[in-house]
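J.: Next come the chains, spelled out residue by residue.
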Amino acid sequence: MKKIINLNILLISFLFFLSCKKGEDDPAFTLLTRKQRVAGDWKLQEGSITIGVKDSTGAYAGLAYKLNEKTYSWDDIGKGAHFEEQFNLNISFTKAGAITIKQVMDSINFEATGTWDFEGNVGKSKNKESINIQLEDINTISYLPRLFNKTEVNFTYRIKELRNKKMVLVCDEELIVLNSSFGYYITSEYILVQ
Amino acid sequence: MPGRHPIILTLIAVFLFTTCKKGEDDPVISLRSRTTRLTGEWRLVSGTAGYTTNGYNDTFSFTGTDFRENLTTAYLTTYIGKYILKLNIAKDGTFSFKEFLAGSTLDASGTWNFNNGIGEDKKKEDVIFTIDKVNAGYTNSYYNPFNRGCTNFVYKIKELRNAKLVIHSSGKVYSNSRADYVTLSTDYTFIQ
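For the protein sequence lines, the chains are B and W, in the order given.
Residues in the first sequence are numbered from 1 upward in steps of one, following this note's numbering.
Residues in the second sequence are numbered from 1001 upward in steps of one, following this note's numbering.
The following block holds chain W by itself, in its conformation from the complex (with noise of 0.2 Å):
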């Protein structure tokens, strides 16, 4: 009998463990918190960008340092150019961020939360980012997506690691006189 108390320890710890993933990239075992993971400096490495809507299709393409432009109209464009993301996340809730993109650039800062878990979405699977102050550039430049040209946007954290950090979001960013919207979709792959 008291043989069976580590195994049903080890299977509770493994179920706990568990269910603490939330991101589907996220490692199975963490001793860090959702909080403490996600915050500190936060460099990219990769990701992609793209606007879409009737008939037109942007894509982006990022390293760390350049960007790839192909823009799909009637017919096919493509531009090269340097592109630099920094996010840094702390632990106070605040968050600044510096964009730059084929010399666009937006330097701004605000506040950042995780959602609570209603609906689909598990607690803690979103970052939800909220600007408040531009140091530098325009909220709604089509050349700085990370902030999908709203002062409030919404991350869902794909892989949360001590040093690794993959987001995702995709919808609609903004439409013409005429109500067609235009989506953006991006991807972005920091480090620390």
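Pulled out of the complex, with its shape left as it was, chain B reads as follows (with noise of 0.2 Å):
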């Protein structure tokens, strides 16, 4: 009888976990909570950028950057020339909900702060799938669509995996700014790292 209870408990335990995973690359077994998780001063390790841009004749043309730790690099295929220049992501999220962002990249020092929230679990949505983060104080320009914001004041980013150290924000073809002459679309990976 005893084994059978801690069969029973084992299985109960092994599915109460299962149902934690929330991103598609999530451990199977944590004992930190995703909020414990998120928090931490994360930094760059690599990721990618592209940037659709859709024109009035509804033609579509991509832009694609790729990241690491120090720089970032594009290859412009019109002109035959490979262009790679400064940069670095750090990211600081606080168990009470404040972010810090700092992103250097080309010329911008990027510096904001601001409040982060878990994304609940309405329609298709996993609860704390997503991430959502709302900026204060920014202390330059943000409407450049290779910054971590997307142009955007208020963004989000799916978490697609995460662990104690390691955690991967996506979004998936999102449309950042729709006016009369073109529209944006940003799908983009982070790999950030403690």
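In short, the hints are calculated from the structure, not lab data.
Small disclaimer: the values here were computed from a predicted structure and weren't measured.
Keep in mind that a hint or two might mislead.
Under the rule of at most 25 Å between Cα atoms (straight-line distance), these lysine-lysine pairs were calculated in the DSS-like manner [stated by the list, open to error]:
1. W:K1133 x W:K1156
2. W:K1021 x W:K1164
3. W:K1123 x B:K124
4. W:K1156 x B:K124
5. W:K1021 x B:K35
6. W:K1133 x B:K160
7. W:K1021 x B:K21
8. B:K126 x W:K1022
9. B:K126 x W:K1091
With the hints in hand, could you dock these two chains into one complex?
T.: Pasting the structure below:
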């Protein structure tokens, strides 16, 4: 009888931990809450950004950036040229819901503070699957699509993977701006480590 | 002793309902969930929106059918015209809205969600909207303040009743090349 009870407890625990998995690459088992895992000082290890621009005729063009710890690069196929520039991204999340973003890109030193929160489980979303960020103080321009804030003061990333020392944030062809002459769509992935 | 049980149960019930209150003007007791109360077809009955930056103040007041704009720079200019805002929030996490102001229309749809309660905001105190489709208009139009010029925007729910919704937003919206930010504050009251 004791063996059956122990087995049941094991099975229930296993199912409980499986149901805690939100991101597709999350660990199957973790003792830290999602908030505890998000909180901390993160720096970019590598990433990618694709900016799709659809003009008023409907023509679609993409520009792809590759990111790493110290540089970012892109190819201009039309000119047959490869560009590489300075890059750095550090993000701090606190358990109290504060966020600080510091990003160096070309000559831009972007610094912003604000708040973060998980999103809930309305519709198809899983609870705490996505993270929503609202910027309050920004030291410079914020409307460049290749900045972490995707041109916006409020923005969301889906958490693809969340471990104690690794977090992967993604957005999938997200509409950023649509105006009379063009629309911006962003697909990006940021691999952050502590 | 048996007579004390109903009092204790009542106290527990009152405590539970009180802790369910999120917005400052929410009802003390509601038997419907926040998702159920938020979903439906909402029609604006009153509201305000105000853009502010250095030496510039542009405020709009809305009725269910009209707007009045007071633009203050070196002097005051007033405009009046038609204004319509309809918001449809579905239980499956989708939403759509149509906003018409001074000839500028934004007809868009996407997904919505509640916040989770990290930091100062209570769980389900905020509603987060994400536009993923635009049927008419542009997402960054000055004359469509509801979406704050963004495809991702957040509203604090001040009051949520079965047939009444009051929401508020504030903060920076966009900057010029010198990083001078425009702030936008909006308040809307909807009924079903």
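J.: Are the hints correct? Go through all of them and say.
T.: These are the hints, each one checked on the structure:
1. Proximity of W:K1133 to W:K1156 is assessed by CA-CA distance (about 23 Å); at most 25 Å being required, the pair is judged to hold.
2. Between the alpha carbons of W:K1021 and W:K1164 the distance comes to roughly 15 Å, so the proposed pair stays at or under 25 Å and holds.
3. Of the supplied pair hints, the one linking W:K1123 and B:K124 holds, its CA atoms being roughly 19 Å apart against a limit of 25 Å.
4. Only pairs whose Cα atoms come within 25 Å are accepted, and W:K1156 paired with B:K124 is accepted, the gap being roughly 22 Å.
5. Only pairs whose Cα atoms come within 25 Å are accepted, and W:K1021 paired with B:K35 is accepted, the gap being roughly 23 Å.
6. Taken as a hint, the W:K1133 and B:K160 pair is honoured in the structure, with Cα atoms around 23 Å apart against an allowance of 25 Å.
7. For a cut-off of 25 Å, the pair hint linking W:K1021 to B:K21 is broken: about 29 Å separates their Cα positions.
8. Between B:K126 and W:K1022 the CA atoms are separated by roughly 22 Å; this keeps the pair inside 25 Å, and the hint holds.
9. Using a Cα cut-off of 25 Å, the hinted pair B:K126 and W:K1091 holds, with the two alpha carbons roughly 15 Å apart.
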